[in-house]
Amino acid sequence: GENVEQHPSTLSVQEGDSAVIKCTYSDSASNYFPWYKQELGKRPQLIIDIRSNVGEKKDQRIAVTLNKTAKHFSLHITETQPEDSAVYFCAASVRTGANNLFFGTGTRLTVIP
Amino acid sequence: DAMVIQNPRYQVTQFGKPVTLSCSQTLNHNVMYWYQQKSSQAPKLLFHYYDKDFNNEADTPDNFQSRRPNTSFCFLDIRSPGLGDAAMYLCATSAGKTLAYEQYFGPGTRLTVT
Numbered sequence: 005g006e007n008v009e010q011h012p013s014t015l016s017v018q019e020g021d022s023a024v025i026k027c028t029y030s031d032s033a034s035n036y037f038p039w040y041k042q043e044l045g046k047r048p049q050l051i052i053d054i055r056s057n058v059g060e061k062k063d064q065r066i067a068v069t070l071n072k073t074a075k076h077f078s079l080h081i082t083e084t085q086p087e088d089s090a091v092y093f094c095a096a097s098v099r100t101g102a103n104n105l106f107f108g109t110g111t112r113l114t115v116i117p
Numbered sequence: 126d127a128m129v130i131q132n133p134r135y136q137v138t139q140f141g142k143p144v145t146l147s148c149s150q151t152l153n154h155n156v157m158y159w160y161q162q163k164s165s166q167a168p169k170l171l172f173h174y175y176d177k178d179f180n181n182e183a184d185t186p187d188n189f190q191s192r193r194p195n196t197s198f199c200f201l202d203i204r205s206p207g208l209g210d211a212a213m214y215l216c217a218t219s220a221g222k223t224l225a226y227e228q229y230f231g232p233g234t235r236l237t238v239t
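Protein chains in written order, with my numbering: chain D, 5 to 117; chain C, 126 to 239.
Because the hints were derived from the structure by calculation, they are not lab data.
Everything hinted at is true.
Covered by chain C, according to a simulated footprint, are these stretches of chain D (three or more residues, beta-carbon under 8 angstroms):
(1) 47-60
(2) 101-114
Pairs of lysine-lysine residues, derived as BS3-like cross-links and limited to a Cα-Cα distance of at most 25 angstroms, are as follows:
(3) D:Lys46 / D:Lys26
(4) D:Lys26 / C:Lys169
(5) D:Lys62 / D:Lys41
(6) C:Lys142 / C:Lys169
(7) D:Lys41 / D:Lys61
(8) D:Lys72 / D:Lys26
(9) D:Lys62 / D:Lys72
(10) C:Lys163 / D:Lys26
(11) D:Lys41 / C:Lys163
(12) D:Lys46 / C:Lys163
(13) D:Lys41 / D:Lys75
(14) D:Lys46 / C:Lys169
(15) D:Lys26 / D:Lys61
(16) C:Lys169 / D:Lys72
(17) C:Lys177 / C:Lys222
(18) D:Lys41 / C:Lys169
(19) C:Lys169 / D:Lys75
Backbone N, C-alpha and C fix where the C-beta goes; we use that ideal spot for every residue, glycine too.
Next up, chain D with everything else stripped away, as it sits in the complex (with noise of 0.2 angstroms):
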């Protein structure tokens, strides 16, 4: 089955700076990489994902990149506020007719005003 690696596992920014957080998948076959923010006792939200047939996307302050060739993918936030600290967890999925995740491990992000 996929697996899916994350690091950092705890980041720690000041505000206004850059976030970067990096995943890798196993299986060559996953075609649908998305990004969730979990806040403390809440459900995962999707807050951006990617198809295989494209190598970056951008959503205002977050971006998501995808190197399929080396089977990595990152999300990127750009300008942090305190409210973006939550954990974030990457996802891999081969998108068929289900669609089922296999998450990373996450990374706790810690924005210091």
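Given chain D, work out where chain C should sit, using these hints.
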């Protein structure tokens, strides 16, 4: 409006006493998933239903079962809960037959085993 609803939000059960968690959806999605998330860990897929077809992950213990009586509802049954089954259980849905990829998560049920 709530799209994926889970009941109860908190459930306490005794060691070995069967428990059922409930999930419903208003999205009319084909696929419903159950994930287990232990403290400070990533969600782990247990199984999913594509319409009425049940798909179990290879490493999901037999102690976990699921039922989907109709499109809207899906249940997670834990036949004999152990202390190690204490976790947040997340239900999610996705539209299988369209090009939509996104999975919608419910708020979760936090299970405590005493």
